[in-house]
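Visitor: Here is how the chains run, residue by residue.
2 protein chains.
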Amino acid sequence: MNVFGEMLIGSAALRGTNGAIRAVNPATGETMEPAFGGATPADLERACALAWQAFDTFRDLPLAERAGFLEAIAANILALGDELVERCVGESGLPRARVEGERGRTVGQLRMFAALVRSGDFLDARIDPAQPDRKPLPRVDLRMRNIGLGPVAVFGASNFPLAFSVAGGDTAAALAAGCPVIVKAHSAHPGTSELVGRAVRQAVADCGMPEGTFSLLYDSGREIGQGLVCDRRIKAVGFTGSRAGGTALMRLAAARDEPIPVYAEMSSINPVLLFPAALANRAAAIGSAFAGSLVLGAGQFCTNPGLVLAVDGPDLDRFIAAAAVALADSPAATMLTPGIRLSYEAGIAAFAAHPAVRIEAHGRAGTPQQARATLFSTTAAALRSHPALRDEIFGAASLVVRCPDLATMRELVELLDGQLTAALHIDTADHAEARRFLPALERRVGRILVNGFGTGVEVGHAMVHGGPYPATSDGRSTSVGSAAIFRFLRPVSYQDFPEQLLPEALKPGNPLALVRRTDGVLDAAA
Amino acid sequence: MNVFGEMLIGSAALRGTNGAIRAVNPATGETMEPAFGGATPADLERACALAWQAFDTFRDLPLAERAGFLEAIAANILALGDELVERCVGESGLPRARVEGERGRTVGQLRMFAALVRSGDFLDARIDPAQPDRKPLPRVDLRMRNIGLGPVAVFGASNFPLAFSVAGGDTAAALAAGCPVIVKAHSAHPGTSELVGRAVRQAVADCGMPEGTFSLLYDSGREIGQGLVCDRRIKAVGFTGSRAGGTALMRLAAARDEPIPVYAEMSSINPVLLFPAALANRAAAIGSAFAGSLVLGAGQFCTNPGLVLAVDGPDLDRFIAAAAVALADSPAATMLTPGIRLSYEAGIAAFAAHPAVRIEAHGRAGTPQQARATLFSTTAAALRSHPALRDEIFGAASLVVRCPDLATMRELVELLDGQLTAALHIDTADHAEARRFLPALERRVGRILVNGFGTGVEVGHAMVHGGPYPATSDGRSTSVGSAAIFRFLRPVSYQDFPEQLLPEALKPGNPLALVRRTDGVLDAAA
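Protein chains in written order, with numbering that gives the first Met the number 0: chain S, 0 to 525; chain D, 0 to 525.
Among the hints, erroneous ones may be present.
Any copy, or any two copies together, can satisfy a pair, since identical chains are not distinguished.
Claimed, not checked - With a cut-off of at most 25 angstroms between alpha-carbon atoms, the simulated SDA-like pairs for lysine to any residue come out as follows:
id	residue 1	residue 2
1	Lys506	Pro128
2	Lys506	Asp120
3	Lys506	Val520
4	Lys506	Pro61
5	Lys134	Asn450
6	Lys134	Pro354
7	Lys506	Arg133
8	Lys506	Pro131
9	Lys134	Val520
10	Lys134	Pro497
11	Lys134	Ala74
12	Lys134	Thr377
Keep in mind that the hints were calculated from the coordinates and are not lab data.
Bound conformation, chain S alone:
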């Protein structure tokens, strides 16, 4: 058993003295051992000081070493074996297969960033050579590369105890960018956090990374998390959670003497748009696939399909009927925390009590610790006049909007806030109509998909897991995929540098064998 209730500050593992945090097994309601001590302001100071000290050394290591470090973290996480899976299942209520899948994704993500670091592509190395004979003035030699922003604060997410937490996407991207990371563990899974944190700490030691490259803190209140965002040595923040939590961090970061970027992924209802031909041809199949996406992971995905827009009529009724049949078969599920379940139930109750909302279907009932899926319907007019119906209910709830026609559907899309995803269900005969929706979707959505659902986020190079506010705090960025590294980078130019002082990435002869840009044009691959 390697869970000691200890936080990790650089190379030290120690018990916090600022209150205590205990995990609760959401399936049983039982408190889990051990207790985790919360960090004090002095602990926070120590973690920030170490991260700051580590930054220059860490960011300047050869790319291969940084890549090897990421791979060592991945290997160490796998080496935790069943202990990690069991602790995570216990703390999250997630099924074992889901946790194993999430571990695979976390490890794959670390390896993807390792490959990206090895390639050096993210450096965006650029060279505008000198032109000593240019008239009227000679041109200087100018070279550019990206460097890390500085130490990054990462807030673990409740709904992905592995892939968006201690060694999740933001941590992997920040380390890949050359930024030390301080994680504020999510209180729902402190044991999972400690296990993964120890895997990272071991990699720091084994790979000879500077102490302070990584620290892990628990917070028994909000003081440490807020202090972390406000610390002058922290240069960016990654967060996945509620809109209230994300906007609070945005305000803190904007009010600093030196404002810093906050990458908060907050809320999204991920509209599903059903088009007439697709609905005529495949209403039942789409309805049952929709129900499958809705109940996946108890609906606790940022990309859960919370809103369905379609033209009212018998085809939509068939969609709803098929979804209802599928839902009636879907078991109730334990949610991540008792608090999340209570929130979900409050959201369901509010929709159910709404005069313009009808309950169309339920999932199976379960134990008092479990939540069941709910499908609602309403009218276009109600969605237009009641903004609360466009708010996210975190969990397996969705609202079908019966629209009089496609023009109304388009108007409703223009009412929606920024979203992580939107899904179009179309057949060939719908293409012309679907095309008319694309501009409005592009303006407010990070990922648009056809004949599928947003759940299941590929970790690749073309992934955008992001979107305009309030889906995220910053629609210019993604939290999943290799492009996430750009969150934590900034460019620096070097003018007329002697070769000896240039960073390796920019030296004549291209010693790192990078793909670089000369006068704006990509060199042939080395």
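Using the hints provided, position chain D relative to the given structure of chain S.
Guide: Below, chain D alone, put in the same frame as chain S:
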């Protein structure tokens, strides 16, 4: 004479009715004709509505048309001929040659962005092809490209009436990104703004761009500029000016229902670091080159060298002496506005009155409308304990800090705020010592240069004209050079799209002949 005192709202030219703005010729103090009417909130509303309407059409035009539009703006600016140059000289007090040079730079910048748009490089097109046979789950087809953020508000700068104003860097970058632009003209050069605005408006009409792609507003107070930043249809802000102005816009943008990015370039003292061997070998030459950079354009460059750090001793005395000789020969110069001159004089008076500051040299005195250069010196201890000595005096003022040793110089660098540039003067014998300064400089500077000065900013691909706060509001970005286009872009993913609905940039067969990434790897150039 094509200056009518009119603002440009889409295709309409009209006289504003909300107060009046008049240019003042800073060389004579005389008010210039005509008066310019300030925009009303209704004018602002109209400009924002048109920009919003134009956005989807404009961003979807073929790249060649967008590029042609940028080139037409450039041609139209040149076609204004002497009228533009004379009006600009009159409104700014800048010498004719400087204005002509700035016009060349403005036109070159538009053409550079045109070439960038034609290449399609900025789209960052990425394709992760489907893997239907992948186990355990098939992989979807995922494609990504960048699109424009939406309409952009650009605030004209006082110190670059052409290159950072109506058709300056931010406008060119935003249009290149596919974003309509609304410019709030700087009140110091309304006539120059109108002339350039008409050149842009003509290009909109001639190239068949949608109305609303461009508007130009005057603001007789602050209401219109603030209203512009707060309008829900504006999705980003570009600003060059004071720290007070920039931070006010940052606060407004952060307080919106939907916070938006602000790219504000604000203040920088651009430290110059003189190293021992360089000083021993070339103190006099460096001193006189320094004086030349200091007085360039009456010191009214963001990259003006406002701070010099060096080890005290006879070599530094020689540097100061040479600078003093050069300054004694440098004529007083008209500053951009009477207000800027008064601010400069107040800054000079405050430094002069500081007990730890000594006046080392002055430029020549001039008319009451003119300002003369001033060189101060102080001690390392004073710089450390008096933060006001690290503030920018906008104009030809600089402060030499006599350091006891190089270790102290390094400590002082760590005290400095974010900067646009830092200049190292080094000989080969200084390389080892200079290397020890680089980490601290990289952390706080956008462009580090060797044996030169920050003034003279190349418009290229490897340029970073930016830097950590408070040099700019967002150190992840540059305001000069082709990378500035990324300010105004965000990525969108398309999953499992049928070919007919994909954007051209992402279609099979690569119809735009882009360099794209497949599974993260750059394709061979098409």
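Visitor: Now tell me if each hint is right for this structure.
Guide: Against the structure, the hints:
1. With identical chains, the CA atoms of Lys506 and Pro128 are at most 25 angstroms apart within one copy only, with a shortest distance of 12 angstroms there and 34 angstroms across copies.
2. Taking the closest pair of Cα atoms, Lys506 and Asp120 come within 25 angstroms of each other both inside a single copy (15 angstroms) and across two copies (24 angstroms).
3. Proximity of Lys506 to Val520 under the C-alpha cut-off of 25 angstroms is found in both arrangements, the shortest distances being 17 angstroms within a copy and 22 angstroms between copies.
4. For the identical chains of this complex, Lys506 and Pro61 are intra-copy neighbours only, at 14 angstroms inside a copy versus 37 angstroms across copies, given an alpha-carbon limit of 25 angstroms.
5. With identical chains, the CA atoms of Lys134 and Asn450 are at most 25 angstroms apart between copies only, with a shortest distance of 21 angstroms across copies and 58 angstroms within one.
6. In this homomeric assembly, Lys134 and Pro354 never come within 25 angstroms of each other (Cα to Cα): the closest approach is 75 angstroms inside a single copy and 46 angstroms across copies.
7. When the C-alpha separation of Lys506 and Arg133 is checked against a cutoff of 25 angstroms, the pair qualifies only within one copy, where the shortest distance is 23 angstroms, while the shortest distance between copies is 40 angstroms.
8. Taking identical chains as interchangeable, the C-alpha atoms of Lys506 and Pro131 lie at most 25 angstroms apart only when both belong to the same chain, with a minimum of 19 angstroms there against 42 angstroms between chains.
9. In this homomeric assembly, Lys134 and Val520 come within 25 angstroms of each other (Cα to Cα) only inside a single copy, at 22 angstroms, whereas the closest approach across copies is 38 angstroms.
10. In this assembly of identical chains, the alpha carbons of Lys134 and Pro497 lie at most 25 angstroms apart only when taken from the same copy (23 angstroms versus 51 angstroms across copies).
11. Within a single copy, Lys134 and Ala74 get their C-alpha atoms only as close as 57 angstroms, which misses the 25 angstroms cut-off; across copies the closest is 21 angstroms, which meets it.
12. Neither within a single protomer nor between protomers do Lys134 and Thr377 lie at most 25 angstroms apart by alpha-carbon distance, with minima of 69 angstroms and 39 angstroms respectively.
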